[in-house]
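Residue numbers (our numbering), protein chains in the order written: chain H, 1 to 104; chain S, 1001 to 1209.
By construction, these hints were calculated from the structure, which means they are not laboratory data. A portion of the hints provided could be inaccurate.
[Claimed, not checked] Each pair of labels, with its calculated beta carbon distance range:
#1 H/A29 to S/A1059: 48 to 56 Å
#2 S/E1053 to H/E64: 32 to 40 Å
#3 H/E10 to S/Q1141: 25 to 33 Å
Even for Gly, the Cβ is constructed at its ideal location relative to N, Cα and C.
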Amino acid sequence: MDAFGHRVDEGKRYLSLTVQITDKETSGADEFVPEFIRLLIDGAPAAPESADDNTTVGPARSVEHRMAFVIPASATHVELEVGKSGVQQTAKIAIDLKPAKSES
Amino acid sequence: MTKAKTNSRSTTALAILLLGLCVIACNRLGRSNSEGRGSDSRGPTTTSGPPFERPLQLATPRTLKYADLQITVTKGLISNRAPDVSQADNSNPATADITLQVRNTLNDAVRIRSGLWQLRLGNGAVYKTPFEDNFEARDTQERKISFRVPLNAEWAGAQLTFDEQGKEAATLGARWERGARSIPRHVGRQWRSDNQRPGADIFHQDCEP
Chain H
1 MDAFGHRVDE GKRYLSLTVQ ITDKETSGAD EFVPEFIRLL IDGAPAAPES
51 ADDNTTVGPA RSVEHRMAFV IPASATHVEL EVGKSGVQQT AKIAIDLKPA
101 KSES
Chain S
1001 MTKAKTNSRS TTALAILLLG LCVIACNRLG RSNSEGRGSD SRGPTTTSGP
1051 PFERPLQLAT PRTLKYADLQ ITVTKGLISN RAPDVSQADN SNPATADITL
1101 QVRNTLNDAV RIRSGLWQLR LGNGAVYKTP FEDNFEARDT QERKISFRVP
1151 LNAEWAGAQL TFDEQGKEAA TLGARWERGA RSIPRHVGRQ WRSDNQRPGA
1201 DIFHQDCEP
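Here chain H stands alone, though its shape is the one from the complex (with noise of 0.2 Å):
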C-alpha cells in the first residue's frame, strides 16, 4: 500500500522491489541507469514510480537499488526486465504475486 511516503492510488498496489547491481569492472565507478530496469504487466512496460536516488556503482563493488512500481491490485504475476530493449539482449525475472488483500 505505501513507498517511499506515499499511499498507493485505488485499485493499485505498490510492487517494491530491491535489486542487486554489481559492476564486474575493476576502474572506475560506473552510473547505474534506471531505465534499463522495468516491469512487464501483462507485457506493457512500466517505469518504477519512485526509486533510490543513489545510481553509481563502484568498481568491483555491489549496491542495492529499491525501487517501487504501481501495478493493479489484482495482479498476480508480473515479469522484470533488464537492459535496453532492442539494443542489447534483455534478461526477465518473472514475479508471480499473491492476490493484495481487499480493504473492508
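The hints should help you fit chain S onto chain H, whose structure is shown.
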C-alpha cells in the same frame, strides 16, 4: 492672581475626581474578570446539559499504517465539551476527540494532502474531519482530531478510517468495552475502575496488509 489660583484648584480637584473614578472602574473590571476565571476553574465549557465523558477503553494502543507513517491511537474521549473551534452543528453537540501519535520512520518528510478522517459509529453514522499535515523525517508528533457527534454517541463498534483523495484507505476497527456508557465526571474514575475487565478487547487492526 486669585482667579488663576482658583482655576488651578479646580483643575486639581477634577483630576483627583477622574483618578478616583478610574480606580473604581478598574476595581470593578478586575472583580468581573476574576469572577469569570472562577467559573472557568469549575471545568471546561460544555455545549449542553451536565458534563459527561465517555473514554475509549484501549487495552493497548492500536496502530494503522498510511504512507509509511505509523499512526497510533493513544486516547479517545466523547464528551459534551465545547469544541476548540466553533462549529455550528446543533444536531451534533458532543465531541469525539481522538489523540494520535504519528511516527515517520523514513529519512524523508511525508506530506499528507486532502486527507480525511472518518469516524463510523456502531449505528453506521459517519462523521468526518479533514486533515493536512507534514511530518518531518524520523520524527514523532502528537495530533488530536475531533469529530462533532450526537450526545448519545458511543465508542462501541466504531471504526476509524483515513485516506487522501483517490488513495487507498486505511481502517482501524473497534470493539469497545461492553457496557460502556455515559460517565458523570464526578463518578467517572470510580465507575471505570469498577467496570474494568481484564484483557478487555479493543481497537484491533482490520485490514492492513
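A quick look at each hint next to the structure:
1. Range check, H/A29 to S/A1059: about 54 Å between beta-carbon atoms, so the 48 to 56 Å window is met.
2. Look at S/E1053 against H/E64: about 51 Å separates their beta carbons, and that is not inside 32 to 40 Å.
3. Taking the beta carbon of each, H/E10 and S/Q1141 are about 27 Å apart, inside 25 to 33 Å as hinted.
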